[in-house]
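Q: Knowing the structure of chain D, use the given hints to seat chain W on it.
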Amino acid sequence: MKHNTAAIVTDNLAKIHGGLTLDAYKNLSTDSAISNMAQCKQYIVPLQQHIGVISQPLVKAGDRVLKGQMLARPGDLLSAAVHAPVSGIVTDIKQHEIPHISGLSDLCIFITNDFKDEWLERQPLGDEYNHTSSSNLRKIVRDAGIVGLGGATFPSSVKQTEMNVATLLLNGVECEPYITCDDMLMREYAKEIISGADIIGHIIKARQCIIAIEDNKPEAIEAMQSVIDQEGTGFFKINIIPTKYPSGGEKQLIQIITGQEVPKGRYPAELGVLCHNVATAYAIHRAIHEAEPLISRIVTITGHGITKPQNIQILIGTPMQACIEHCGGYTKNSDELIMGGPMMGFSLDTDTLPVVKATNCLLVTATEESNHKPKHLPCIRCGKCVEACPVRLLPQQLYWYASSHNIDRLHEHNLFDCIECGCCAYVCPSDIPLVQYYRHAKTLIWQQERERRSSDISRERHEAHQRRLEKIKREREEKLRKKRELLKKKSAAAASGSENDKTKTDTDNKRAVIAEAIARAQAKKAAREKDKKSG
Amino acid sequence: MLFKRTPSPHIKQNITVQNMMYNVLYALVPGTLASIYFFGWGVLFNLIIAITVCLSTEAIILKLRQREVTNTLMDGSALLTACLLALALPSLAPWWITVIASISAIAVAKHLYGGLGFNPFNPAMVGYIVVMISFPLEMTMWSAPMGVTIGNASGWPDFSTTFNWVFSGNLPYGKTIDSISMATPMDLIKTQLNQLHDVIETRNNIEYSALFSSISGTGWQWVNILFLGGGIWLAKKEVIDWRIPTAFLLSLIFIANIFAVMDYSTNSSALFHVFSGGTMLCAFFIATDPVTACTTPKGRWIYGIGIGILVYIIRSWGGYPDGIAFAVVLMNIAAPLIDYYTQPKVYGDPDR
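Chains as they are written, first to last, in the working numbering: chain D, -2 to 532; chain W, 7 to 358.
Calculated directly from the structure, the hints in this document are not laboratory data.
For clarity, every value in this text was computed on a predicted model and none was experimentally measured.
The hints are all genuine.
In silico SDA-like cross-links for lysine to any residue, where the CA-CA straight-line distance does not exceed 25 Å:
id	chain 1	residue 1	chain 2	residue 2
1	D	K486	D	A520
2	D	K439	D	G100
3	D	K479	D	A509
4	W	K10	D	P430
5	W	K10	D	H301
6	W	K304	W	G354
7	D	K468	D	A520
8	W	K10	D	D346
9	D	K12	W	T348
10	D	K439	W	Y346
11	W	K242	D	D20
12	D	K372	W	I67
13	D	K261	W	V352
14	W	K69	D	P371
15	D	K248	W	K351
16	D	K12	W	Q349
17	W	K351	D	A11
18	W	K18	D	N24
19	D	K372	W	F9
Same shape as in the complex, but just chain D (with noise of 0.2 Å):
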């Protein structure tokens, strides 16, 4: 693939469209530090911990298996292999309800911890990673089964095999309003990130790296300029970026970096530029140094509604009540359990959930904060939503079609553009939740698509037994008329036989009529016998 890979980047930073400022309660979660909690007795894995299908099993109940085992390999592409947080027993594979946004269960391993720690045996491969092919630190990345930790829980290896891309981009961003876990990572393992950002830049073979942080994170900022001062190969730059929501989206920080957009449906690399989250770089520097896989992660666990609000390293598995009852446990005014931030976080209805690759949040909420209210008011129409949007759609207009279910028009005003980052809704002075409406429109879509789809097949398929049949029926005819012919040559033969009596011929021809017509009865009736054993 060929990329334009003239070097983009300038100091002028481009301005997004619409955005909020926000009140970040960031203070909350950053008065102390990383903290590391005691292992918890049972662990639950959920095999779908990322985009793409689900990662297939290699364990069974029954198995012990060892911290960073593999305990499921990635199910295609677009999949991620998931590794055991501790040694210990497999105890069961079943059914049991995941943070997803759908609230539905998925298949996890139940791992019983035998608090032992004891690793799988571990060869990392270090610095010699300088010599290493990009496709083989590829594989390590993606055997270490890590995705892209700022949400979206994209394989970052897949999006490593973009080559030639001169800009490696660090989202260090952080823009939703609670969450400080990337600017504790940044503050307290700086060094690790940069290593890990030049690890991806030597895989994709990066002429720069510029590390995006918003202007509200200055111990962040300044622990990372101190190791890429340190560092000093000018290969790494910070840009810091006025605080406003959604800044931190990859496609919004691309069009704030280097001022263009990334085309409709294409990939930023076309820009030459490729997007990693500080938190990634964190576990890749780990997958190669450490030769740790995805294990574990730092979570903020935040909001009025907790005790102790603060940032954790968290092995993926915990449940998240450990987690809370780490932070002293929730208030008594406490409201809502939030994985996520507040703008596009979605709420949970139990705590008994585990922590997942893709949690970067757990906020908890307080009852005054609350501010649902049971009905909301008809739009008029106000455009304060177009106002704030940052892909600059007309929210009020989608949500009138999503309303009316009007397919067309969603498709005509980009349904699918919208990144469902809650502007709209935040600033909606008739409380709709509009965000709500686009994704169930979506979820619309996607289904008649694939009922589309599915009688479409079935149509194919009709159509298919429906020419069969009409060959089966040519093939019977074209039988029939040699067949006749064969007849008709016959009595022609008869007939010549016969030429000279007169009368003869006359009874012969008839005679051959009424042959003929039993020849055509008999084949009728084996054709229909044929028929019905066939049919």
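A: Relative to the frame of chain D, chain W by itself:
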């Protein structure tokens, strides 16, 4: 522990339809006070009748439609319609004019189309048009503004005269409606033009000159200036969109200026147009009604420009003294189409 589930986003800007409506009402206050000051008790009666009828019509229909009554009444939308209608109607309109206009606005223009958010036409303007077409004579009954004494009429009539006239149609012995009412400056210029007296002649005519002030009509200019002030405050607070008033005023100035430059004797100046009649009320309070206006940024420019052009056309060559109501409703009709063809190009659109 179990939790409830709600859709994202989980935080919300502290803004409601209700406080938007009330902000618009607050912004109307200075202009309304000026209106009462210059045109008298009639304006206050209009307000009282319109508010009473609009709110009770809204309540009755909400009840008939089995909707929530109290909360919906409190959203301020019917109150706003009532105020806009009352301020648009002539100050000496008989009570039944205001009643008919109010019922048409709320029952027909608003609720027959589905209520708040679903009405394609501006309710206040529909109410205004109904009475304008049905009772053209009564729609010219403006009192002489404060400080203007022309013929028998000296300023606006006192409380009891106004009250009796508005509610019973009776006037004190020896008075006729013509002796207490007076044509608006814009109407006067038009009728004088029809009698081949040009604009300058009319303005300098000793009989009428008191009706005109430095910018436009006496009283009218102050009412307009105060509505402009309230409007700017609203636009600054981002309660209304700034594009529609800007586009409307600029297009009106532009087109009025072209004609005034071409022939200033038969065409009023741009300044006169901008500060006369309902221009500012329309620019910031009527045309900006979000429900019936365009919603795309480009569409709002086109919508405002369209109103400006139509207002000028109707004022200059139409049969009515002011063209606000018709211009607004005509552009309301066009709004969905304009919106459809002015969709902004989305992020990453190759045609952008």
